[in-house]
Amino acid sequence: MADEAVTPAGRPVDYLAAFATGGLMTLMISFNGEMARYTTPLFSSLTAHGTGTVAAVVFLLLLRRGGTVAAGGRAPLWAYLGGICGAVTVMMSGVTVNTALALSGTLALGLVGQVLFGLAADRWGLFGMPRRMPSARDMAALGLIVAGSILIIFLGGGPE
Amino acid sequence: MILYIGLALSAGLLISLSRQINGRLSLSTSPLQASFWNHLVGFVALLAVGLAVGGLWPEGLKDAPWHAYIGGPIGVIFVAAGSWLIARIGAVSTALLVIGGQMVSGVVVDLWQGVPGALWARSLGVVLILAGMVLIQSRAKSREA
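Protein sequences appear in the order of chains A and B. Residue numbering for the first sequence follows the numbering used here, beginning at 1 and increasing consecutively. Residue numbering for the second sequence follows the numbering used here, beginning at 1 and increasing consecutively.
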């Protein structure tokens, strides 16, 4: 109870937005995959990060607002290094899709890795983020979503 | 094989780790600025690898269609959204719903493009994911009331 009170639970619309973000991921993978087919996975990721940097600058200029002060205080230096993880992920996945794991195995294990880290991150509030105890209902939802995803990845035609 | 399984798991861990780190940065700046740094730092890291390994200007580049370039700008919105959401609904919920959205939209695209696959598995998979979504957000609704 005390742990749960640490953060608000979010609004239903937040959950819907997260779901829609997954659709963006499908688009992103499809376009980046197209570039990788013409060039290499490394070059595709490099291009995506390059065009993304330019796009972010354009968005920031368009949405510029004066005098907004963020609540979180000064960011620690490591908080700027999230991009390193993304760059390393690309290389790791590039290796495993070409093994017996193939794309399905890579996706399924990646999904498990994401959820496991998420559980630990929420449980202990890792990297300065709010602590949240997953409820029994959250764990049931976790089981349903992971089961549905594994079913689609391995039997639904999925990536192969 | 154990090595590759570990590698594939770690790739997943790193996705959540980067969202956690970007989420922390967005608390001190903004989700869009966190996304900017994510892309710039990733670009510099990949450029360093590209310079070390070579092949920075691949042969096939001139044949790539225009839409092969728009994954990056979409990624900016994706990372900004993730940084914004993780502070609101937490790491597990964000990961689960993004994965769910990815799977369901993937099924829609596959059906549209006529990619073969078991219809029962696709349908059941989508139903399970949607049921999980309803369950996980009902907590939010009950709290709001």
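Simulated from the structure, these hints should not be mistaken for lab results. Think of the CB as a built atom: it goes at the ideal place given N, C-alpha and C, for glycine as much as any other residue. Where hints are given, some of them may not hold.
Stretch-level coverage of chain A by chain B, calculated; a stretch enters the list once three of its residues show a Cβ under 8 Å from a Cβ in chain B [what the hints assert, rightly or not]:
#1 24-34
#2 59-65
#3 121-130
#4 136-147
Taking the hints in turn, this is what the structure says about them:
{"no.": "1", "hint": "24-34", "verdict": "holds (count 10)"}
{"no.": "2", "hint": "59-65", "verdict": "holds (count 3)"}
{"no.": "3", "hint": "121-130", "verdict": "holds (count 7)"}
{"no.": "4", "hint": "136-147", "verdict": "holds (count 10)"}
Figure legend: structure checked against the earlier numbered hints; every hint is met.
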